[in-house]
Amino acid sequence: MRNALTASVSLLALGALAACGSEDKADAKAGGAAQVNVTMTSGGNGDQCAYDTTEVPAGPVTFHVKNQSATGITEFEVLDGERIIGEKENVVTGLPEVTLTLTLGGGEYTLYCPAAATEKTQLKVTGQAAKATGSTAELLQKGAAEYGTYVSGQLDDMVVAVKALQTAVEAGDLGKARQAYADARPFYEKVETDIEGFMLPGGDPSDPSSSLDYLIDMRQSSLDPKLGWSGFHAVERDLFGARRITAKTEKYAADLTKNVTTLAGVAKGLTYKPEDLANGAAGLLEEVQSNKISGEEEAFSHTDLADFADNVEGARQAFEALRPGLTKLDASLVATIDHRFAAVDKLLKGYEDDSQIGGYRLWTEALRKKDAPRVSQPVQALADALGGIAEKVATA
Amino acid sequence: MSLSRRGLFASTGGGIVLGVAGGYAAARATDGGPDHPDWIDLQRSFEFYTGDHQAGIATPPQRHCVFMTFDIVDGTTTTDLQVLLAKWSAGIAQLMAGLPVGSVQPDRAGAVPDDTGEAYDLGPAGLTVTLGLGPGVFDKRFGLASKRPKRLAPLPALPSDTLRPELTGGDLMLQACADDPQVAYHAIRDLARMARGVAHTRWTVMGFGRASAGAGQSTPRNLQGFKDGTRNIKEPADLDEFAWVGPGDDVDWMTGGSYLVSRKIRMDIETWDGDDVADQQRVIGRSKIEGAPLSGTKEHDKPDFHATTDGEPTIAQTSHVALAASENNNGLKILRRGYNYTDGLNDLGLLDAGLLFIGFMKDPQQFITLQEKLGRSDLLNEYIAHIGSALFAVPPAPRRGHYLAEALFVR
Numbered sequence: 001m002r003n004a005l006t007a008s009v010s011l012l013a014l015g016a017l018a019a020c021g022s023e024d025k026a027d028a029k030a031g032g033a034a035q036v037n038v039t040m041t042s043g044g045n046g047d048q049c050a051y052d053t054t055e056v057p058a059g060p061v062t063f064h065v066k067n068q069s070a071t072g073i074t075e076f077e078v079l080d081g082e083r084i085i086g087e088k089e090n091v092v093t094g095l096p097e098v099t100l101t102l103t104l105g106g107g108e109y110t111l112y113c114p115a116a117a118t119e120k121t122q123l124k125v126t127g128q129a130a131k132a133t134g135s136t137a138e139l140l141q142k143g144a145a146e147y148g149t150y151v152s153g154q155l156d157d158m159v160v161a162v163k164a165l166q167t168a169v170e171a172g173d174l175g176k177a178r179q180a181y182a183d184a185r186p187f188y189e190k191v192e193t194d195i196e197g198f199m200l201p202g203g204d205p206s207d208p209s210s211s212l213d214y215l216i217d218m219r220q221s222s223l224d225p226k227l228g229w230s231g232f233h234a235v236e237r238d239l240f241g242a243r244r245i246t247a248k249t250e251k252y253a254a255d256l257t258k259n260v261t262t263l264a265g266v267a268k269g270l271t272y273k274p275e276d277l278a279n280g281a282a283g284l285l286e287e288v289q290s291n292k293i294s295g296e297e298e299a300f301s302h303t304d305l306a307d308f309a310d311n312v313e314g315a316r317q318a319f320e321a322l323r324p325g326l327t328k329l330d331a332s333l334v335a336t337i338d339h340r341f342a343a344v345d346k347l348l349k350g351y352e353d354d355s356q357i358g359g360y361r362l363w364t365e366a367l368r369k370k371d372a373p374r375v376s377q378p379v380q381a382l383a384d385a386l387g388g389i390a391e392k393v394a395t396a
Numbered sequence: 001m002s003l004s005r006r007g008l009f010a011s012t013g014g015g016i017v018l019g020v021a022g023g024y025a026a027a028r029a030t031d032g033g034p035d036h037p038d039w040i041d042l043q044r045s046f047e048f049y050t051g052d053h054q055a056g057i058a059t060p061p062q063r064h065c066v067f068m069t070f071d072i073v074d075g076t077t078t079t080d081l082q083v084l085l086a087k088w089s090a091g092i093a094q095l096m097a098g099l100p101v102g103s104v105q106p107d108r109a110g111a112v113p114d115d116t117g118e119a120y121d122l123g124p125a126g127l128t129v130t131l132g133l134g135p136g137v138f139d140k141r142f143g144l145a146s147k148r149p150k151r152l153a154p155l156p157a158l159p160s161d162t163l164r165p166e167l168t169g170g171d172l173m174l175q176a177c178a179d180d181p182q183v184a185y186h187a188i189r190d191l192a193r194m195a196r197g198v199a200h201t202r203w204t205v206m207g208f209g210r211a212s213a214g215a216g217q218s219t220p221r222n223l224q225g226f227k228d229g230t231r232n233i234k235e236p237a238d239l240d241e242f243a244w245v246g247p248g249d250d251v252d253w254m255t256g257g258s259y260l261v262s263r264k265i266r267m268d269i270e271t272w273d274g275d276d277v278a279d280q281q282r283v284i285g286r287s288k289i290e291g292a293p294l295s296g297t298k299e300h301d302k303p304d305f306h307a308t309t310d311g312e313p314t315i316a317q318t319s320h321v322a323l324a325a326s327e328n329n330n331g332l333k334i335l336r337r338g339y340n341y342t343d344g345l346n347d348l349g350l351l352d353a354g355l356l357f358i359g360f361m362k363d364p365q366q367f368i369t370l371q372e373k374l375g376r377s378d379l380l381n382e383y384i385a386h387i388g389s390a391l392f393a394v395p396p397a398p399r400r401g402h403y404l405a406e407a408l409f410v411r
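Chains as they are written, first to last, in our numbering: chain A, 1 to 396; chain B, 1 to 411.
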């Protein structure tokens, strides 16, 4: 599991080539850009990246990158310090040359060829230093702040929704309680990777009874027999499994309200870094893969596909918050992720069913057996691509 | 000193180990060693960029093989497919050289490893990865219909087919064979990961123990305990005649390529094991230990299909050997390169195992002709069922600086 708040994750050069060799280098030349030819070859000393020049004047610089025979190299990056300011993935033997044009101010830059015998080479840019704009970083920070507002809103709504669930349970209205259960789940599912790991104030990290995540979202697979059932899935078990409301159900619902209220209190007002959003989005897709497609999350209500859709929606919100900055960093990765979100959306659309609680077909064992393989692979493809964002935005 | 798996296996250093079958033979013959036909050198590697035939076809079969097919994902563009084939090619070249594909332990803490790492210390282990293109590559999705290999179409329904749809077909295929199963599995794992979002897994078979002989090898046994592949083709002249697509045989870009037919053949293990040896030998047409045709005494004796015993053919006319023999099929031959497999236990608690048949030929009709006959009357059909099936065009290998099936994308 990725820890949304601490871990950072990185890039896989997977299928992100938007337009292989189709960029028009004539444009760059017409603009008077300096030219750097980058040639990758394989030789006795391993794979090499060779540059026809490592000194250029400040201004637009076009890199012509051609992998002639270096099978170990598939990408090329330009770094300003540790910051990636431009990169090309899928620079693969046999494919046409690709170009990358950047406007560089005077100073030292690093040309980075991952997996080459010599990975890093200095590029000296002569002339006036660039003005520090930091625009990409600013865009990402702005997105992260907006996302913080989104999470707060979800937490507020979650408190209201679990109160409604508690009210329906206390009224003994099974039908209404089931609907209220389904109505409350999305708020948790959309932001669960942002709030997991929170403890009751003063709690012991090794004691599940002080973990809010356990108290709110424990299920059969994470059941600690000593502590017993609690939270959403204890209520679910009674409403959809036993199909009756008892005094215990009422206690579960009341505790749920209490714990969700506590969670909202500790988690609201948190600030997020851009890589937290990226890790959170990838983590939500891991949730889909490991708990929803397996049918483990909603073992009694079988509304796993609704949770699935909410996890995807939460990931989309995080991604959208990063989009303006990420587009500047790696537009082709953004295009790949858009493409993969669309594939998952299309897949989910096929399961919509308004007659069911949650709005999707019930993810029963029979359906799961039949469809899980075709569902899981597009999800993994999206998760992989989202996993490539964190390192990019962390260094921007 | 770090103890690598190779170190554990090595008998004389240099990563050389004697395979199981070879070990037995050597123990009996006392003349084992590097000259033994089944001696394995885990440092051996094969060249990917031959510019001629892909490795893993005429290559004498390694001990283990993982076979996997893939469906190309909806919405994949021709460029996506092109990039995948280029990346797979570069990746395969790395893997066959015993090198990781990208970093196993990136120096930036935030980076996800590119290579999954489990083969890091294992050497090349004779790995070959062979790519095939299914009929789907040439459907309307990618604008490649005009380049379709002439004989590439789904196999027709054949007698006794018991195919399970989830074990058939695929748009792309990888066959990774190596003398260490972990090296073969690692290759497939890395390559499947590289394809994600463009091509997704369809069906796979983990093969263990080669079930056919290549040049210079002794004949192994399949799970029925009989030698398999005694009369397999090995000589270059036979390969040219039956396995390689020659100039003018097919579309130009397939010259030097081949067609691969794979069949997952389930064996009814318990039933076979309960059959008496005389019947087992009658079904196959050979003796069990020596593997001699029932008309002869030595494995490589030429079968005499006219020999009779007590007025009956010595080799039953519907025995497996008689039906498959080139003498009885107008000289027709194919290159076989199969592996044993097991999937554990079936729903009945019985051993779920069999043979992954892999055959290479210049025209899939060679297989169709043979299987129409075998499927109809092979005595062996009582003990086996063909449950998986697929056909692929296998392009020739690229030259260095190029990639597999590059010709498809050249306008």
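The reader is advised that the hints may include incorrect statements.
What the hints assert, rightly or not - Not the full set, but computed from the structure, chain B residues with beta-carbon under 7 Å of chain A:
| no. | residue |
| --- | --- |
| 1 | Phe46 |
| 2 | Ala86 |
| 3 | Lys87 |
| 4 | Gly110 |
| 5 | Lys373 |
| 6 | Gly375 |
| 7 | Gly401 |
| 8 | Glu406 |
| 9 | Val410 |
Just so you know, the hints here were simulated from the structure itself, not pulled from any lab data.
Predicted, not measured: the structure shown is a model, and the values here were computed from it.
We treat Cβ as the ideally placed atom computed from N, Cα and C, and that holds for glycine.
Do the hints match the structure? See the list:
| no. | hint | in the structure |
| --- | --- | --- |
| 1 | Phe46 | 15 Å, violated |
| 2 | Ala86 | 4 Å, holds |
| 3 | Lys87 | 5 Å, holds |
| 4 | Gly110 | 4 Å, holds |
| 5 | Lys373 | 35 Å, violated |
| 6 | Gly375 | 29 Å, violated |
| 7 | Gly401 | 5 Å, holds |
| 8 | Glu406 | 6 Å, holds |
| 9 | Val410 | 11 Å, violated |
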